[in-house]
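A.B. asks: So you can see what is in the structure, the chains are spelled out below.
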Amino acid sequence: MDSHAAAPQGHEDAAHAHPGPGLYVKIGIVLFVLTGLEVAAYEIAHRPGALGAFLKPIVVPVLLLLSAFKFALVAMFYMHLKQDSKLLSGLFVFPLIIATVVIVSLIALFIYHYTYQRGML
Amino acid sequence: MSTSAVSHPGHVPAAAHAEKTGIWSWITTVDHKRIGVLYGASAFLFFLIGGLEALLLRIQLGSPENTFLSPELYNQLFTMHGTTMIFLGIMPLSAAFFNFFIPLMIGARDVAFPRLNAFSFWVFLLGGLFLNSSFLFGAAPNGGWFGYANLTSRQYSPGLNIDFWVIGLQILGVSSLAAAVNFFTTVVNMRAKGMKLMRMPMFVWMSFITQVLLLLAFPVITVALILLMFDRLFGTMFFTASLGGDPLLWQHLFWIFGHPEVYILILPAFGIVSEILPVFSRKPLFGYAAMVFSGVFIAFLGFGVWSHHMFATGMGPIADTVFALGTMLIAIPTGVKIFNWIGTLAGGSLQMKTPLYFCLGFIAMFIIGGLSGVMHASPPADLQQTDSYFIVAHFHYVMFGGSMFALVAGAYYWWPKMFGRMLSEGLGKVHFWLMLIGFNLTFFPMHFLGLHGMPRRVYTYPAGLGFETMNMIETVGSMILGFSFLVFIYNMIVTARRPADAPADPWNGATLEWSIPSPPQEFNFADEPEVHSRDPLWERKRAHGGPLPEPQRVSGAGIHLPNPSFWPIVTALGVASVFISIMMVHTIGPIGIAAAVLFFFFGVFKWAFEPAG
Amino acid sequence: MTDHAHALHPPTTTGLDNRKVAIWTFIGSECLFFASLISTYLVYKGRDTRGPTPDEILQIPLVTFGTALLLFSSLFVVLALNGAQSGNRKRLILWLGMTIVCGLFFVGMQVYEFQHFVHEGLKMQTNLFGASFYTLTGFHGTHVTIGVIWLITVFITALRGKLPPERALNLEIAALYWHFVDVVWIVIFPVVYLMK
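Chains as they are written, first to last, in the numbering used here: chain A, 96 to 216; chain B, 15 to 627; chain C, 894 to 1089.
Hints listed in this document are in silico derivations from the structure and should not be mistaken for laboratory results.
Warning: the hint list may mix true and false statements.
[Stated by the list, open to error] In silico SDA-like cross-links for lysine to any residue, where the CA-CA straight-line distance does not exceed 25 Å:
| hint | chain 1 | residue 1 | chain 2 | residue 2 |
| --- | --- | --- | --- | --- |
| 1 | B | Lys-210 | C | Asn-1063 |
| 2 | B | Lys-297 | B | Gly-152 |
| 3 | A | Lys-181 | C | Thr-905 |
| 4 | C | Lys-1089 | A | Pro-156 |
| 5 | C | Lys-938 | B | Gly-208 |
Source: prediction; values computed, not measured.
One chain only, chain A, in its complex shape (with noise of 0.2 Å):
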């Protein structure tokens, strides 16, 4: 990185291996398909039948891997965090760790206390 301080940024990229195109676009494709996935483990989990019941209690973190899954491949190929240096990726992901620490936190916080008002403890 440093070999290419001063050099404008189009020309530092085209220095790095970059992906081409085709690996953007299979991308896409495996994006779009998690989405139906998504939408697919919602519908079943909703309908009757055996598979439903299966999937009803596990839906929830299922939803949130694929979205995690999604989420990932967009930062990494999309945004380029994989090529890109480490530090834009702190940039990102410190943020994220302490944004799902405030969410996790809040949730647990007002279920503890709707509980605990309610003496379910």
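Once you've looked at the hints, dock chains B and C against the given chain A.
C.D. replies: What follows is chains B and C alone, placed relative to chain A:
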């Protein structure tokens, strides 16, 4: 990395727009040093307003059942006092030093985005003026600086007061976020050759961590304010219990911001003290690495303790315990810093000058404030302390005894570099003693008042409860404290009349800002510096075998500087108009908001397509 | 590397352009903005004292289509950037135009969705679901709209021939913002529409 002494085609050499005077040059300035002075002057004026508000409060509380202030006016004054001191006082005073000194200390010519820097200042000024304009409507914010729901709902606060608060803070938030992106990028990307992260001055490190806190905390209060604004303006029910909402959500969101905010207020102060102590002890900072990591740890952990402001809300024992443990834990890295400051002083050859006095005052006052803080960390103890004057004592010890003492120390320390004149030592010491005595007389008795049962946020108290004497002492103390600032102002005036002949390095400093003339030339460094150690200037003096020759002012021809620009202030006006139009949506309608948005975009496009400079 | 290019992109400590560091810093900050809105939505889920409820009113097929549009728009802008960086003006203009079209359709879908919901009796003031739904998706939609305006601006500079490879960073920055807006939707879509 090459130097910038080479002439670049298509850019205006520094000599062509030599430092101009006149109001237009200040309105269009993109020079970080000028922007720093603008922040400092505005913040100091707002600080004086906040101080005046405090003195009025103290007059009211000086005797029981006083009628100097009505309850309504009291509520407005204590709300504005807190909001002003935090958002318009300490934060922009810190920003003044970020602006002036971060580029100098890292050996840069300016910040990463000079126009964005100017924009941040103008938005701050407009936000501060907007907040204070509420007084003209007799509707200054009156819900406390923390605006707890559902007191701040339209039902219980029907007037404009809270609207001013919500909108004013949103405007200020834009300023802080823009500045944080700017300074973060500057520190990451514009350091001089050889200045690795672990060679940066401590003020730069602590300020850098502060920017990270700003970036992560301000969005949360932005959302809280949006939710409250929607409740008040559009009839949503985010904080209305009868419709399923929960006022506690406000408290959580506010304090997820609010706790990192107090570290935003104190970390720059820590940084200033870590700069001054080594210089005035004539030895390096004790435990540099520990100071860096403790700062990082404090910031990180600061995101995990917010509900210690909510111990009395009935969160449940598990939640209480988790937050209590985190709060107690955070005392450890703080303690490390205090020991390292003492370790810096120990064995040093102390220059007993005004900056050092204020730093010694900082250490003592901050220890007291920290101790009371740790006492709040225990939920059962806090059940007595919370909402009492014991808390008021704590936060004034850390914010005034801590942040303000350090900021004043920084002012005395850096005044020669900024203005080419040394503030008077004699007057400085008078200022110090009056401030120390006045401060302690005002706030120390509050520990006892609180434990004896005087609640916070009350406009008066009955006679016969034993509160009278201490309140009277505090009121007298506050007058002495106020007077000490008159001494400071007098010092500034007297100093301004002297010739600007301060040397580049009056204190035998260790860091790069002392290597250039006082005040610096517009381009900062004639040649971009290269560093090989944490104390580059001491290293140079050692190599030179003694004090360095006084740096000469040079022409600066061929050094590229960004052009001044009018668009930051226009865009800032655009931002303010958008928020004000939202506040007035029921009068001017969506079309008013649309017009303001168009104005904002006009400023943005003019800025974006301005010829490069 | 010309002197002019050197002056426009002075050397930096990390070798990265300041604007690239800045946009990622801003994106990091925005994560907390959306995290707070998502938290509010989740905390209030199921606490309504009156309907309509998500079950009754959300239209999965329409929104799935919108989601696909946004995903493809991310692909298209990457292709456009590829065109910009390699000096392929046709590719740049075609795919940047397609990105903008997808973005406009997404916003259009949301506007239609909001109008439909209001017609069905769900306003911000109706219940907690209405309040938190409109706030969360509305702010996301506002971010999309700003992204569209930004991309249109870059598109116009490209049409004018002012986006050569040396200036591709301008598109890259806009594209990063656009991808972020897409990524936020990747989280919002299942959380709001697929989790009951």
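A.B. asks: None of the hints should be skipped; say for each whether it holds.
C.D. replies: Structure-based check of each hint:
1. B/Lys-210 to C/Asn-1063: Status violated; Cα separation ~29 Å.
2. B/Lys-297 to B/Gly-152: At roughly 54 Å apart (the allowed maximum being 25 Å), B/Gly-152 and B/Lys-297 break the hint.
3. A/Lys-181 to C/Thr-905: With a Cα-Cα distance of about 16 Å, the restraint between A/Lys-181 and C/Thr-905 holds, given a limit of 25 Å.
4. C/Lys-1089 to A/Pro-156: It holds: about 13 Å lies between the C-alpha atoms, which stays within 25 Å.
5. C/Lys-938 to B/Gly-208: 53 Å, violated
Taken one by one, the earlier hints fail for this structure at numbers 1, 2, 5, listed in ascending order.
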